[in-house]
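J.: Sequence:
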Amino acid sequence: MKKIIRWIIIVTILIVVILLVVRLVQDSNIGTNASENQLIAAAKKYYNEKPHLLPSANYGMERVTSDVLIERGYLKQTTDQYGAPKSCSSYITVTNVNNEYFYNPYVDCGIKNDTLLLYDHLVSLAKEETKDGTNGLFIFGNKYVFRGDKPNNYIEFAGKNWRIIQIEEDKSIKLMYNGNQAVSRVWDDRFNLEKNKILGVNKYEISRIKDYVTTYYNKSDNFSNKSKSKLTFINLCIGERDIEDKTTDGSAECQKIFDNQFIGLPSVNEYLNASNDPNCPTTMMSCKNYNFMAAFKSYWSITPVKGTTHKVFRIYPNEGLISRDAIGKHYAHFVVSLKSDVAILSGDGSKSNPYVLK
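If you read the sequence shown in our numbering, its first letter stands for residue 1, the second for the next number, and so on.
Read the hints as simulated data drawn from the structure, not as lab findings. Built from N, CA and C at the ideal position, the CB exists for glycine as well. Mixed in with the good hints, there may be bad ones.
Claimed, not checked - With a cut-off of at most 25 Å between alpha-carbon atoms, the simulated PhoX-like pairs for lysine-lysine come out as follows:
{"no.": "1", "residue 1": "Lys197", "residue 2": "Lys329"}
{"no.": "2", "residue 1": "Lys86", "residue 2": "Lys45"}
{"no.": "3", "residue 1": "Lys203", "residue 2": "Lys256"}
{"no.": "4", "residue 1": "Lys160", "residue 2": "Lys351"}
{"no.": "5", "residue 1": "Lys112", "residue 2": "Lys86"}
{"no.": "6", "residue 1": "Lys150", "residue 2": "Lys297"}
{"no.": "7", "residue 1": "Lys329", "residue 2": "Lys203"}
{"no.": "8", "residue 1": "Lys143", "residue 2": "Lys351"}
{"no.": "9", "residue 1": "Lys131", "residue 2": "Lys143"}
{"no.": "10", "residue 1": "Lys171", "residue 2": "Lys226"}
{"no.": "11", "residue 1": "Lys171", "residue 2": "Lys150"}
{"no.": "12", "residue 1": "Lys351", "residue 2": "Lys150"}
{"no.": "13", "residue 1": "Lys358", "residue 2": "Lys226"}
{"no.": "14", "residue 1": "Lys112", "residue 2": "Lys171"}
{"no.": "15", "residue 1": "Lys256", "residue 2": "Lys195"}
{"no.": "16", "residue 1": "Lys358", "residue 2": "Lys44"}
{"no.": "17", "residue 1": "Lys358", "residue 2": "Lys219"}
{"no.": "18", "residue 1": "Lys160", "residue 2": "Lys150"}
{"no.": "19", "residue 1": "Lys45", "residue 2": "Lys226"}
{"no.": "20", "residue 1": "Lys50", "residue 2": "Lys76"}
To be verified - Now the in silico label distances, taken between C-beta atoms and shown as ranges:
{"no.": "21", "residue 1": "Arg208", "residue 2": "Phe233", "range": "21 to 27 Å"}
{"no.": "22", "residue 1": "Asn180", "residue 2": "Thr79", "range": "46 to 52 Å"}
{"no.": "23", "residue 1": "Arg185", "residue 2": "Phe233", "range": "23 to 29 Å"}
{"no.": "24", "residue 1": "Leu116", "residue 2": "Pro278", "range": "30 to 36 Å"}
{"no.": "25", "residue 1": "Thr79", "residue 2": "Cys254", "range": "45 to 51 Å"}
{"no.": "26", "residue 1": "Arg72", "residue 2": "Asn161", "range": "41 to 47 Å"}
{"no.": "27", "residue 1": "Ser251", "residue 2": "Thr79", "range": "51 to 57 Å"}
When you get a sec, could you build the whole thing from the sequences and use the hints?
T.: As structure tokens, then:
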């Protein structure tokens, strides 16, 4: 009888040891909320078991915090050097683009491996607004704008070169295409009833150039679904502007909004704000000085000339801001906007070492 009891005790101990080993192995496979890769792995498990929580709409996005993933057993709480739980504000977003899902982790645990957002990095470099010919990111009301002829605002995205124009009030980051795929083309080539000629019609929402940039965006060779998951909608300011207007706050351009777009063209006020010449915009020709947006080949803005039905503003390095018939041919340097929570992989924004996103 004693022998049977002894064997029961031994078997019970073995079972307990085996269960403990299994638990330890399982725990070792569960990451912490202090790792981007482990956040992704945990979120994928979470959504695989709860697919109804995935975003269903195209370009829809959902977010789950690390606290939820810890509570449900998909992650462990990271600890400090003394083994005490460490407070983290980590989370992960998942975006649906054409029924493909893309996971974007954000680690915020007060450690060296915390995710560095492009927005946070840029804002940390921002300076008070001044007009002194210098380069940099400047505070401009509720926005931040890059100014000067050589600011460190170069970035690689979707396999292309861009310049960062500004950070919007909603923290989205607007980029302007800086590559050799920009082509010279008409803004619009329709018959203009008022002029009784084929001069084009200067309404962006029905223009040929709008069709062109939209088609360009929709081609997967130009923007993969992964790249599109990092973009946010733009509310394009397509209002007309008087040729004598000296404002730079967008009050003219933003009287008319073309909302929920992913791609467009730069507006006149964005070009003016990129100049750090103290005489701009009082003397319009001065606005091409200390202005990185004046260094591109002659290109179209999105802004029509007020009081006309066929003229649009274009920017040229030697002449600055000029009105031209929409039927003319100039380059199309399109703009897109990054989400506020895109993260930096490398780079310092210089021409030789542009920002690269994760």
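J.: Decide, hint by hint, whether the structure agrees.
T.: Hint check results:
Between the alpha carbons of lysine 197 and lysine 329 the distance comes to roughly 17 Å, so the proposed pair stays at or under 25 Å and holds. Under the criterion of a C-alpha separation no larger than 25 Å, the hint pairing lysine 86 with lysine 45 is consistent with the structure, at around 23 Å. Annotation: proposed proximity of lysine 203 to lysine 256 holds, straight-line Cα distance about 11 Å (limit 25 Å). For the hint pairing lysine 160 with lysine 351, the CA-to-CA distance comes to about 13 Å; that is within 25 Å, so the pair holds.
Distance check on the hinted pair: lysine 112 and lysine 86 sit about 14 Å apart at the alpha-carbon level, within 25 Å; holds. A threshold of 25 Å between alpha carbons decides the hint, and for lysine 150 with lysine 297 the separation of about 16 Å falls inside it, so the pair holds. A hinted pair counts as satisfied when its Cα atoms are at most 25 Å apart, and lysine 329 with lysine 203 qualifies at roughly 16 Å. Distance check on the hinted pair: lysine 143 and lysine 351 sit about 24 Å apart at the alpha-carbon level, within 25 Å; holds.
With a CA separation close to 16 Å, the supplied pair lysine 131 and lysine 143 stays within the 25 Å bound. Of the supplied pair hints, the one linking lysine 171 and lysine 226 holds, its CA atoms being roughly 20 Å apart against a limit of 25 Å. For the proposed pair lysine 171 and lysine 150, the alpha carbon gap of about 23 Å is at most 25 Å, so the pair holds. Between lysine 351 and lysine 150 the alpha-carbon distance is near 9 Å, which keeps this suggested pair within the 25 Å criterion.
Of the pairs offered as hints, the one joining lysine 358 and lysine 226 holds, with about 11 Å between alpha carbons and a cut-off of 25 Å not exceeded. Straight-line distance between C-alpha atoms of lysine 112 and lysine 171 comes to about 24 Å, which keeps the hinted pair within the 25 Å bound. Only pairs whose Cα atoms come within 25 Å are accepted, and lysine 256 paired with lysine 195 is accepted, the gap being roughly 24 Å. A threshold of 25 Å between alpha carbons decides the hint, and for lysine 358 with lysine 44 the separation of about 18 Å falls inside it, so the pair holds.
Proximity of lysine 358 to lysine 219 is assessed by CA-CA distance (about 22 Å); at most 25 Å being required, the pair is judged to hold. Proximity of lysine 160 to lysine 150 is assessed by CA-CA distance (about 19 Å); at most 25 Å being required, the pair is judged to hold. For the proposed pair lysine 45 and lysine 226, the alpha carbon gap of about 20 Å is at most 25 Å, so the pair holds. Taken as a hint, the lysine 50 and lysine 76 pair is honoured in the structure, with Cα atoms around 19 Å apart against an allowance of 25 Å.
Hint check: arginine 208 to phenylalanine 233, Cβ distance near 22 Å, so the stated range 21 to 27 Å holds. As the Cβ distance of asparagine 180 to threonine 79 is approximately 51 Å, the hint placing it in 46 to 52 Å holds. At about 24 Å, the CB distance of arginine 185 to phenylalanine 233 agrees with the hint of 23 to 29 Å. A beta carbon spacing of about 34 Å between leucine 116 and proline 278 agrees with the range 30 to 36 Å that was offered as a hint.
At about 50 Å, the CB distance of threonine 79 to cysteine 254 agrees with the hint of 45 to 51 Å. The hinted window of 41 to 47 Å between arginine 72 and asparagine 161 holds, with their beta carbons roughly 42 Å apart. Separation of serine 251 from threonine 79 is about 53 Å and conforms to the stated range, judged on CB atoms against 51 to 57 Å.
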